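Starting from the structure of chain A, add chain B where the hints point.
Protein chains: 2
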Amino acid sequence: MSPSVNSIAGSNSTSLEDLDVDDLTAHVIKVSSNIDNERIKFIFSRLIRHSHDFIRETAIQRHEWEAAWEFLTEAGTYPRTVPCHSMTDRSQVGQACHPERQEFILLSDVLGISALVDQINSRQLPGCTESSVLGPFHNESHEFNHGDSISSVGAGQSMLIRGTVRNRKGEPISGALLDIWETNGNGKYDMQDPETGGPDCRGKFYTDCEGRFYINGVRPVDYPVPFDGPVGIVLDLLNRQAYRPAHVHFLISHPSYERLNTALYDRTSPNIFRDPVFGTKSSLVKDIEWVEGKEEAKMYNTKTFIRVEDGSETEGFWLLEHDFILAETQGTPNLKSQL
Amino acid sequence: MSPSVNSIAGSNSTSLEDLDVDDLTAHVIKVSSNIDNERIKFIFSRLIRHSHDFIRETAIQRHEWEAAWEFLTEAGTYPRTVPCHSMTDRSQVGQACHPERQEFILLSDVLGISALVDQINSRQLPGCTESSVLGPFHNESHEFNHGDSISSVGAGQSMLIRGTVRNRKGEPISGALLDIWETNGNGKYDMQDPETGGPDCRGKFYTDCEGRFYINGVRPVDYPVPFDGPVGIVLDLLNRQAYRPAHVHFLISHPSYERLNTALYDRTSPNIFRDPVFGTKSSLVKDIEWVEGKEEAKMYNTKTFIRVEDGSETEGFWLLEHDFILAETQGTPNLKSQL
Chain A
1 MSPSVNSIAG SNSTSLEDLD VDDLTAHVIK VSSNIDNERI KFIFSRLIRH SHDFIRETAI
61 QRHEWEAAWE FLTEAGTYPR TVPCHSMTDR SQVGQACHPE RQEFILLSDV LGISALVDQI
121 NSRQLPGCTE SSVLGPFHNE SHEFNHGDSI SSVGAGQSML IRGTVRNRKG EPISGALLDI
181 WETNGNGKYD MQDPETGGPD CRGKFYTDCE GRFYINGVRP VDYPVPFDGP VGIVLDLLNR
241 QAYRPAHVHF LISHPSYERL NTALYDRTSP NIFRDPVFGT KSSLVKDIEW VEGKEEAKMY
301 NTKTFIRVED GSETEGFWLL EHDFILAETQ GTPNLKSQL
Chain B
1 MSPSVNSIAG SNSTSLEDLD VDDLTAHVIK VSSNIDNERI KFIFSRLIRH SHDFIRETAI
61 QRHEWEAAWE FLTEAGTYPR TVPCHSMTDR SQVGQACHPE RQEFILLSDV LGISALVDQI
121 NSRQLPGCTE SSVLGPFHNE SHEFNHGDSI SSVGAGQSML IRGTVRNRKG EPISGALLDI
181 WETNGNGKYD MQDPETGGPD CRGKFYTDCE GRFYINGVRP VDYPVPFDGP VGIVLDLLNR
241 QAYRPAHVHF LISHPSYERL NTALYDRTSP NIFRDPVFGT KSSLVKDIEW VEGKEEAKMY
301 NTKTFIRVED GSETEGFWLL EHDFILAETQ GTPNLKSQL
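Each protein sequence line maps, in turn, to chains A and B. The end of the first sequence is residue 339 by the UniProt record's numbering, with every number in the run present. The end of the second sequence is residue 339 by the UniProt record's numbering, with every number in the run present.
Isolated chain A, as found in the complex:
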């Protein structure tokens, strides 16, 4: 070495902060806080704080961190589906549109993050119907009249969905829009079933002047969240099962009331106590009743079928009934974010 050109020794004139494991976090937050938007500043400071605390507490090993981002990358690109933005696109790809599968939402779902977000965003006023997770299967559908069937022939066992929409004083809400979707009798949403040519087991309609609704569908069955991708590996890793308890989704809206995003769950489901996405709440667990005979079926235009149980046959249909209670619009400020 030539000492004349080695100027390293004694070069302590830099004012660079040496950041160790304990003060790096404060530094990152500091340099990320030079913005005017207080909300974004706050969110990122907490995001950095928690992601760092997580890594600190677990002393994440490099190979573990590499596995994590490899996973996230795979998640973000899985699967590489054909984007579909319009009906024109749908006809071009020659089948019903498959929305891009959102593996990230699913990850959020199975980690309970979606449920947490739902809870924080839906603090119900006393007496109102509780909310539930939206899930990835909401989609556009047609408008129907009361007594119509949202399900194609042979989609499953006939079920009448009936009830009212009211406010907290018990007054009926007329003209509330109900957007309903459910699986068919095979546990598949229309978008998952290549046999389906368009919307099936989903539809929109309005409550009548007495706040009532009734529509015909099929009895939903338990189905697994998609587990053939990265999130399925997580579920396997955590020794968790993938089947959601059978349910029907309801998205209910009216200009004078808070939008309600909820679902009703079948009490007899073997998975009612182990929903992989943490959406079930006891107030939303329902008994789906068997209604015998043809009289009520005629009244609601409901198809009957022969049910065999304990060796005896009866003709009738299933009934899912619920009275939804909406909260008055709170006049919450418009929280448009720059994000």
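None of these hints come from the bench; they were simulated from the model. Some hints here could point you the wrong way.
Identical chains blur together in the list; that is why a pair holds if it fits in one copy or across any two.
Claimed, not checked - Pairs of lysine to any residue, SDA-like flavour, derived with a Cα cap of 20 Å:
id : residue 1 : residue 2
1  : K294      : N139
2  : K169      : G127
3  : K41       : E309
4  : K41       : E66
5  : K30       : A242
6  : K303      : H138
7  : K188      : T73
8  : K41       : D53
9  : K294      : F71
10 : K188      : P226
Computed from a predicted structure; not experimentally measured.
Chain B alone, transformed into the frame defined by chain A:
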């Protein structure tokens, strides 16, 4: 409503736990803990705890959460590059292979998470050279002999990289493998430069029997982390600049010593105190010296060039010199993870 089929009232027989904002987390951890691998169990419990606490403390709004996963999805799929796994693939795509751009690693980098992981994974023993972040530009390269140039003609201003590799007793380490990579004089790594036909400004070589190394390259310059994608939006949002201070990467390995992943930074860089990925440490900040004349250049096979400063011309070359100190292998257990 027909009271005969409405069995909702009084149906309190379910034992379903109602999980509110405060006890959902414990529940999710509980149902995710039914596994034998204690490490995975611990990591996921902390991941869930922190992600939930983050959402709780910030009361994340639904539109904010939607923006988050839309961002992550975009990050995961940005850009949709041609996968490239072998030299055969490279020739098929007709150009030097561009490794898939890892937007997630970059996100981790700018949030300081990568630096935190590096710190936790590289707790240096006293007296050893400190580590730095790996970054996304490490790649395969050729092997060189001492005095060779790793840089193509015209890649930048000639710089000799010289030093020794020693243990903590000051004894030279013979046969240590140095893997070096740096930008060219335009601030680009070879993989970012379409003009480059193969590896450039990167190479591998071994220390001699006295632990010495010397190789010719170019003086690196500051360059921005890729900011034309999702992470660039984050940097903009946080009012942060994207330029890393000029540096040379070193990955040094030897069977008897802990692998050292580090970098040396140019003290004169205007960004030396604001590295966007938090990789700089004062012990790694170096004075790059100007060596005048041709004598030493001949000794090390270094190209000289005419430098104009303050109106006067001198012929010489740049010198980056450092003595690296490696830690003895600790015999750490093989921490192969199931992840």
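Hints and how they fare:
1. K294 - N139: neither (33 Å within a copy, 74 Å between copies)
2. K169 - G127: Close inside one copy (9 Å), not across copies (74 Å); limit 20 Å.
3. K41 - E309: neither (61 Å within a copy, 44 Å between copies)
4. K41 - E66: between (28 Å within a copy, 18 Å between copies)
5. K30 - A242: between (41 Å within a copy, 16 Å between copies)
6. K303 - H138: Classified as neither; 26 Å inside a copy, 66 Å across copies.
7. K188 - T73: neither (27 Å within a copy, 25 Å between copies)
8. K41 - D53: Intra 18 Å, inter 17 Å, cutoff 20 Å: intra and inter.
9. K294 - F71: Close neither inside one copy (54 Å) nor across copies (53 Å); limit 20 Å.
10. K188 - P226: For K188 and P226, only the intra-copy Cα distance (11 Å) is at most 20 Å; the inter-copy one is 42 Å.
Of the hints listed earlier, those the structure fails to meet are numbers 1, 3, 6, 7 and 9, in rising order.
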